[in-house]
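Visitor: Next come the chains, spelled out residue by residue.
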Amino acid sequence: MSARKGPIDTQEITDRLNDCPDIDRKKVFIDGKHEAYFIYITEQIDKDILQRDFVSYILKMDLGQLSDKTSVHNIPCCEIHLLYSADDVIKKVLTGNMVFVSDVLPYGISCKNMKEDKRNIEEPISEKNLRGSHEGFIEILDTNLSMLRRRIHSEKLKFKTVTIGTTTRQTVVIAYIEGIANHEIVDVLFDKISRVEIDGAPTIGYIEQLIISHPNSIFPQYMTTERPDKAVGALLEGRILILQEGSPIVLIAPVTFISFFQTVDDYSKMWIHGSFLRLIRLFGALVIAIYLPALYIALTSFHYYAVPLNLLITLAESRSKVPFPPIIEIFILEITVEMIREAAIRLPTYIGTAITLFAGLIVGEAAVQAGIVSNLVIVIVGATAIASYVIPSDDMSMAIRILRFVFTIAAAIFGIVGIVSVTGLTIAHLIRLESLGQPYFSPFSPKIIEDLKDSILRLPLKFMKKRPKTARPQDDIRGENF
Amino acid sequence: MTDNNTITAKQMMRFTFICQTGVGVINLPALLAKEVGHDGWISVAVSGIIAMFLASLIVVLLRRYFDKSIFDITRLIFGKIIGFIINALLCIYFFLVASSGLMMFLNYLKITLFPNTPSIVMAPLTMLPSVYMVWQGTKTVARFKSIALFSYMLVIIYLILLIKEMRFSFLLPVGESGLPALFSSLKTAFFAYIGLELIAVFYPEISDKENALKYHVRATVYSMLFVMLVVVACIALFGENFLSVLNIPLFNLSRVFHAPIIERVDVYLISAWLLAVGCSTRAYLMAAYYSIEKIFKLKKTVFFILYSFVPILA
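Protein chains in written order, with the numbering used here: chain W, 1 to 482; chain U, 1 to 314.
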């Protein structure tokens, strides 16, 4: 019965855990005389199992057995760790372990068996689909990782862990498939995330903004998803995922401009159907959502001679009742539509119905009769609003909506030349952008003819044997070495 | 910085091609019609062959100085002071070409779309993409060219639509104007190929130099084919007499076709061509900017771009 003092000072731990009533300390005695403690967060552990498999075994052992590593490791519990400092003990307690410490032991013993309060796995509200799985990522990191592993039964699927946040100490995981993903890009990303300096990241968006290379651009450079099937698709193309503890959103990088117009359904449907949807989306987003209001302004205020004659008559008729220039007309409606959208997102559903009612009044016949806007403008703004919601990614749809205002203003000042100039500027910017060091506007410029197979159209799967070049995969051909 | 400037030989080809055709092709058919009537396409072809020789000569000469641009070479051959003067002159030349190209296009815009807007207002607007891209480096400028090729496709599609209206008998008899007139018109036709000298500036930035010669000659061939296409189409459509009184045959061409719904094709064609013209003036602007950087050893700043803005406005 030697009263040797271990490296762990229970008094220090007790002091540091002062004023944390959620953390329990249960006092026991080893051999009936040495004080020892089980420390744990009451709500995070599975008490029944831990008592059966951990506490009862420890209590049966005497000091000699407890000091013997072999017998400790023989405790029939999944995750047993030996801890050698007070810091480690506290870290383990805070991440949901039950820790057994005593002044007389040479180490602390931790055991993990968590019982977390978590949301059910449900279909993500922001990304519904018809033919894919109806699972979505949730807030618990381990569950998300296991969802990925359940889909890729390969030891090549690797997870690299980084801890970020000086205060929050959150876990961030970089997931990739070894042998497909380019390890240089993985290293660059790992470096970038390790160098993030922040006290805590409440959502994954914080990390995204800190690691993108063009934070002042309006275009999103990393893609977000809540769908495991989309994430797996990205992994198989050699892309890299970033997951964060507490966030159901997963980042995908590197991506291209066109990635934001792709959905899982494009691939699970037959190729003609997929291509049709892709075309609708691109046409809707790029032509209608950006150009339609701008063209209307350019044509009505500068180039009225380019309007077909029979349309010109009705146009003039409806315009004659409106006291404002076309730009004001468009702006009144566009801003209203944006406000309706913003209001509808955050309001509870029962108020939402009222909003829809008022929206129908403003963007409708009443506005025309009041003489604020003309009929044609309502049609144009309505079509534009629908077109911008066709884009699957909310980030991209946001970018397009901002761009629309820029185009509208340019068209109001310089007519069609303004539109062309801003188009030039936008494309120049897209060409300049990079996502994790890879060209953003990739299949178009720099031209990669092969990758056009999955851009404007979605060609049959037999053309998809080669992986897209965007992520510079190490293994070009699908299914060759696996 | 070097990273933002490296381009491939293929990109250089598009760069040269658009630089050659962008502005020149708008009024070239009319100028040629004044000089040699309906034989304009012959002088385009002949000067194209000469341009090809010149182009390959430039590249072959550049090869001897492996990693050097024209600015280092002048310094090497003429010594520091004379070399500096030549370089400065070159730089001024690039500026002037860029601004004259822009002025020409602004004039066309004035004639066609905006009769009341003063050029001084239009200039900054049309320059906006150029300034942004030049600031971002050669790579961006070169990559943009493949997007601008879209405008060329549009023009070619449009020409195909017009085939029904053309009378190719306007081109006969071949060679009626005679050799002396043809030779004197070579000078005019050669304007279509100005731009092939730019490779001397950007040669050190090309990553695959072994392909440079092949692609550079190919650029000239493409320019020749495109210009010939436009010239032939203009002659076949308007006839030499009418053509020689037109100012902007390429845009006059676009008024011929009557499309349903769109009504005025020229509005859209001219604005699409703005992309190509922007590219071609941008190429010279880039050269000027790049050369300033090389000669005066200055690092890039936004102010410098603004500075390069000024002579264009003047």
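Keep in mind that the hints were calculated from the coordinates and are not lab data. Here the structure is a predicted model, which is why all the values come from computation and not from measurement. Note that CB positions come from ideal geometry on N, CA and C, so glycine has one too. Misleading hints may appear alongside valid ones.
To be verified - Here are the simulated DSS-like pairs of lysine-lysine, each with C-alpha atoms no more than 25 Å apart in a straight line: (1) W:115 to W:27; (2) W:158 to W:447; (3) W:128 to W:160; (4) W:128 to W:47; (5) W:447 to U:10; (6) W:469 to U:187; (7) U:294 to U:80; (8) U:209 to U:34; (9) W:112 to W:27; (10) U:80 to W:447; (11) W:47 to W:118; (12) W:47 to W:91; (13) U:187 to W:466; (14) U:34 to U:214; (15) U:214 to W:447; (16) W:469 to U:80; (17) W:118 to W:128; (18) W:128 to W:91; (19) W:453 to U:10; (20) W:192 to W:160; (21) U:187 to U:10.
As the list claims (entries may be wrong) - Label-pair ranges, simulated between beta-carbon atoms: (22) W:283 to U:85: 36 to 46 Å; (23) W:122 to U:255: 31 to 41 Å; (24) W:313 to U:258: 11 to 21 Å; (25) U:68 to W:133: 53 to 63 Å; (26) U:6 to W:366: 50 to 60 Å; (27) U:68 to W:273: 33 to 43 Å; (28) W:154 to U:6: 54 to 64 Å; (29) W:216 to U:68: 51 to 61 Å.
Visitor: For each hint, tell me whether it holds in the structure or not.
Guide: Quick rundown of the hints versus the structure:
For the hint linking residue 115 of chain W to residue 27 of chain W, the alpha-carbon distance of about 22 Å falls within 25 Å, and the restraint holds. The hinted pair formed by residue 158 of chain W and residue 447 of chain W fails the criterion: a straight-line CA distance of about 32 Å is larger than 25 Å. Restraint check: the Cα-Cα separation between residue 128 of chain W and residue 160 of chain W comes to about 29 Å, which exceeds 25 Å; the hinted pair is violated. Our distance criterion of 25 Å between C-alpha atoms is broken by residue 128 of chain W and residue 47 of chain W, whose separation comes to about 38 Å.
Taking the CA atoms of residue 447 of chain W and residue 10 of chain U, the gap is about 10 Å. The hint holds against a cut of 25 Å. A distance of roughly 46 Å separates the Cα atoms of residue 469 of chain W and residue 187 of chain U; the hinted pair therefore is violated under the 25 Å criterion. Restraint check for residue 294 of chain U and residue 80 of chain U: the C-alpha separation of about 14 Å stays at or below 25 Å, so the hint holds. Between the alpha carbons of residue 209 of chain U and residue 34 of chain U the distance comes to roughly 41 Å, so the proposed pair goes past 25 Å and is violated.
Restraint check: the Cα-Cα separation between residue 112 of chain W and residue 27 of chain W comes to about 19 Å, which is no more than 25 Å; the hinted pair holds. Annotation: proposed proximity of residue 80 of chain U to residue 447 of chain W is violated, straight-line Cα distance about 41 Å (limit 25 Å). Under the criterion of a C-alpha separation no larger than 25 Å, the hint pairing residue 47 of chain W with residue 118 of chain W is consistent with the structure, at around 17 Å. Restraint check for residue 47 of chain W and residue 91 of chain W: satisfied, since their Cα atoms lie roughly 20 Å apart, inside the 25 Å limit.
The suggested pairing of residue 187 of chain U with residue 466 of chain W is violated, with an alpha-carbon distance near 50 Å, which exceeds 25 Å. A hinted pair counts as satisfied when its Cα atoms are at most 25 Å apart, and residue 34 of chain U with residue 214 of chain U does not qualify at roughly 34 Å. Taken as a hint, the residue 214 of chain U and residue 447 of chain W pair is honoured in the structure, with Cα atoms around 19 Å apart against an allowance of 25 Å. A threshold of 25 Å between alpha carbons decides the hint, and for residue 469 of chain W with residue 80 of chain U the separation of about 46 Å lies outside it, so the pair is violated.
With a C-alpha separation of about 21 Å, the suggested pairing of residue 118 of chain W with residue 128 of chain W holds against the 25 Å cut-off. Distance restraint check for residue 128 of chain W and residue 91 of chain W: the Cα-Cα separation of roughly 38 Å exceeds the 25 Å cut-off, and the hinted pair is therefore not satisfied. Our distance criterion of 25 Å between C-alpha atoms is met by residue 453 of chain W and residue 10 of chain U, whose separation comes to about 21 Å. A C-alpha spacing of about 13 Å is found between residue 192 of chain W and residue 160 of chain W, which places the hinted pair at or below 25 Å, so the restraint holds.
For the given pair, residue 187 of chain U sits about 28 Å from residue 10 of chain U by alpha-carbon distance, which is inconsistent with the 25 Å threshold. Distance hint check: the CB atoms of residue 283 of chain W and residue 85 of chain U are about 55 Å apart, inconsistent with the given range 36 to 46 Å. The beta-carbon spacing between residue 122 of chain W and residue 255 of chain U, approximately 60 Å, falls outside the hinted interval of 31 to 41 Å. For the pair residue 313 of chain W and residue 258 of chain U, the supplied restraint of 11 to 21 Å holds, since their beta-carbon distance comes to about 19 Å.
Roughly 59 Å separates the CB atoms of residue 68 of chain U and residue 133 of chain W, a value that falls within the hinted 53 to 63 Å. Checked against the hint of 50 to 60 Å, the pair residue 6 of chain U and residue 366 of chain W passes, with Cβ atoms roughly 59 Å apart. A C-beta distance of roughly 56 Å is found between residue 68 of chain U and residue 273 of chain W, which places it outside the suggested range of 33 to 43 Å. In this structure, residue 154 of chain W and residue 6 of chain U break the distance hint of 54 to 64 Å, their C-beta atoms being roughly 37 Å apart.
At roughly 36 Å, the beta-carbon separation of residue 216 of chain W and residue 68 of chain U lies outside the given 51 to 61 Å, and the hint is violated.
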